[in-house]
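Taking the hints into account, I'd like the entire structure generated from these sequences.
Number of protein chains: 2
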Amino acid sequence: MKVLITAGGTSERIDQVRSITNHSSGRLGKAIAEAFLTHPSVTIDYVTTQPAVKPSDSERLTFHLIESTQELLDTFERLMQEKSYDAIIHSMAVSDFTPAFSLSEQQLAERLSKESLTPDSLSSWLEATEQSVSKEAKISSDTDYLVLTLKKTPKIIRSLRQWQPKATIVGFKLLVDVSKEQLLEVAKKSLITNQTDYILANDLTQINETRHHGYLLSKNGEVTEAYTKQEIAQCIVSTILK
Amino acid sequence: MKVLITAGGTSERIDQVRSITNHSSGRLGKAIAEAFLTHPSVTIDYVTTQPAVKPSDSERLTFHLIESTQELLDTFERLMQEKSYDAIIHSMAVSDFTPAFSLSEQQLAERLSKESLTPDSLSSWLEATEQSVSKEAKISSDTDYLVLTLKKTPKIIRSLRQWQPKATIVGFKLLVDVSKEQLLEVAKKSLITNQTDYILANDLTQINETRHHGYLLSKNGEVTEAYTKQEIAQCIVSTILK
Numbered sequence: 235m236k237v238l239i240t241a242g243g244t245s246e247r248i249d250q251v252r253s254i255t256n257h258s259s260g261r262l263g264k265a266i267a268e269a270f271l272t273h274p275s276v277t278i279d280y281v282t283t284q285p286a287v288k289p290s291d292s293e294r295l296t297f298h299l300i301e302s303t304q305e306l307l308d309t310f311e312r313l314m315q316e317k318s319y320d321a322i323i324h325s326m327a328v329s330d331f332t333p334a335f336s337l338s339e340q341q342l343a344e345r346l347s348k349e350s351l352t353p354d355s356l357s358s359w360l361e362a363t364e365q366s367v368s369k370e371a372k373i374s375s376d377t378d379y380l381v382l383t384l385k386k387t388p389k390i391i392r393s394l395r396q397w398q399p400k401a402t403i404v405g406f407k408l409l410v411d412v413s414k415e416q417l418l419e420v421a422k423k424s425l426i427t428n429q430t431d432y433i434l435a436n437d438l439t440q441i442n443e444t445r446h447h448g449y450l451l452s453k454n455g456e457v458t459e460a461y462t463k464q465e466i467a468q469c470i471v472s473t474i475l476k
Numbered sequence: 235m236k237v238l239i240t241a242g243g244t245s246e247r248i249d250q251v252r253s254i255t256n257h258s259s260g261r262l263g264k265a266i267a268e269a270f271l272t273h274p275s276v277t278i279d280y281v282t283t284q285p286a287v288k289p290s291d292s293e294r295l296t297f298h299l300i301e302s303t304q305e306l307l308d309t310f311e312r313l314m315q316e317k318s319y320d321a322i323i324h325s326m327a328v329s330d331f332t333p334a335f336s337l338s339e340q341q342l343a344e345r346l347s348k349e350s351l352t353p354d355s356l357s358s359w360l361e362a363t364e365q366s367v368s369k370e371a372k373i374s375s376d377t378d379y380l381v382l383t384l385k386k387t388p389k390i391i392r393s394l395r396q397w398q399p400k401a402t403i404v405g406f407k408l409l410v411d412v413s414k415e416q417l418l419e420v421a422k423k424s425l426i427t428n429q430t431d432y433i434l435a436n437d438l439t440q441i442n443e444t445r446h447h448g449y450l451l452s453k454n455g456e457v458t459e460a461y462t463k464q465e466i467a468q469c470i471v472s473t474i475l476k
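Top to bottom, those sequences are chains C and H. Just so we're aligned: the first sequence equals residues 235 to 476 in this note's numbering. Just so we're aligned: the second sequence equals residues 235 to 476 in this note's numbering.
Honestly, the hints are just simulated from the structure, not real lab data. Hints should not be assumed to be uniformly reliable.
Claimed, not checked - Distance ranges between label pairs, derived from CB positions:
#1 C:S347 - H:E443: 42 to 48 angstroms
#2 H:T296 - C:R312: 43 to 49 angstroms
#3 H:S357 - C:L299: 52 to 58 angstroms
What the hints assert, rightly or not - A few chain C positions that, by computed beta-carbon distances, are all more than 12 angstroms from chain H:
#4 M235
#5 E268
#6 S290
#7 H298
#8 S318
#9 K348
#10 K386
#11 T402
#12 H447
#13 Y449
#14 Q464
#15 C469
All C-beta atoms in this analysis are idealised placements derived from N, C-alpha and C, irrespective of residue type, glycine included.
Written out as structure tokens, the structure reads:
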């Protein structure tokens, strides 16, 4: 059985010394990989980041290190051309945004002196500015405010079903301090939009060193509850293997 | 002899799941601490971050973990009220900017419909917007562009001389892809502005796994060149101890 697991959080470079990073320790992905590896028939491609906690080495596990959303996309495209996976567990926290351009207060003022910014011109202004601002080596620190404009990254999870029509796909949804009803509703929508078979829904306020409360939703509407990373890992592995 | 060393890179939270991080492995700070610890009279307060590489444990070394520029400031103020240091080696990559507010394209358009943005109104608009935008738990990903506005952090290095008038202070300056002349000029200015005794000037393009090219400038105009992290560490330690 061929399994693809992603874990950790991507980083998007602002310049050569700064990045925007999505927090994710990688510990849940590690628990899932280790639970899978107790089954001798499983081989794993494990896509993760340098700072993430990693599962122990195994002959049946291959690491693929990435940093940015673009590198994740490139790695997925390469792996999925080569292989058919039985299951894809996409637990990585992927950046929703990547830096498009940054302007110091003075640079922004200079641009505004040529064209003031109105609600109607905003969209075209953002696009034109992105095209015309050169990517500097390192941002100058000589400004009180720095306007860093980010643009949406491609929603990679939406391509998984297209690339691997037969795989069992598990997506993840992390929200912050919402009710159980809201969490399950948002997760269900995400499951439908992204055409995954399951989604693990969790809330940051329900996660700490020892506890990790999550719900595994299936596309048929079943909900299984778990309270630790090990329980979540077991729940995902037994669901995939059954 | 009491030494304070900082190492690693600070992170500034954008929201509960994202941060802006300054890249710094902490390996140079580790080398400096280990070079100091070969001298039995030295005790070290070592201020660093969770992801940074750390020197080996020693009874003469105390770790202080921080994340943000504000936490660094708080830790400095606490340590410097308690102690007088003989030397301060401030190798940490400190964030120049911290998130002030973020607006989706739609939120920005709504604000522009009340007041369009012109060069003259820009400064007051930035300040007023910072005051009025609520800090959300997690940024919505439902926007093509996200305008993240950052504001300058306090220049902590400028306070070191005031807090510790008698300490030998070593600052660090990292530039990207400049000439030797430019690097030394910028470093010299920084040394004067920040009232440090020495500054280690280095260029990111001259740093890799095995090599770390740097210049140690003194306030008297002496320049010492080094080619690895170990050489830089030795150079700083022998300069401080002589």
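Verification of the hints:
Between C:S347 and H:E443, the C-beta spacing of about 46 angstroms keeps the proposed range 42 to 48 angstroms intact. Against the hinted window of 43 to 49 angstroms, the Cβ-Cβ separation of H:T296 and C:R312 comes to about 46 angstroms, which satisfies the hint. Taken as a hint, the range 52 to 58 angstroms is violated for the pair H:S357 and C:L299, whose Cβ atoms sit roughly 43 angstroms apart. Here C:M235 stays apart from chain H, with its beta-carbon at least about 32 angstroms from theirs, past the 12 angstroms limit.
At roughly 23 angstroms from the closest C-beta of chain H, the C-beta of C:E268 stays outside 12 angstroms, upholding its exclusion from the interface. Residue placement check: C:S290 keeps its beta carbon more than 12 angstroms from all beta carbons of chain H (closest about 21 angstroms). Taking the minimum C-beta to C-beta distance to chain H, about 20 angstroms, the non-interface status of C:H298 holds against the 12 angstroms cut. Residue-level check passed: C:S318 sits 30 angstroms from the nearest beta carbon of chain H, beyond 12 angstroms.
A beta-carbon of chain H is positioned within 12 angstroms of the beta-carbon of C:K348; the least distance is around 9 angstroms. The beta carbon of C:K386 is not kept farther than 12 angstroms from every beta carbon of chain H, the shortest such distance being approximately 5 angstroms. Every CB of chain H lies more than 12 angstroms from the CB of C:T402, the least distance being 25 angstroms, so the non-interface label holds. At the 12 angstroms boundary, the C-beta of C:H447 stays outside the reach of chain H, the nearest C-beta of that chain being 16 angstroms off.
Listed as a non-interface residue, C:Y449 keeps its Cβ farther than 12 angstroms from every Cβ of chain H; the least gap is roughly 18 angstroms. The beta carbon of C:Q464 is kept farther than 12 angstroms from every beta carbon of chain H, the shortest such distance being approximately 23 angstroms. At the 12 angstroms boundary, the C-beta of C:C469 stays outside the reach of chain H, the nearest C-beta of that chain being 23 angstroms off.
The earlier numbered hints that this structure contradicts are 3, 9, 10.
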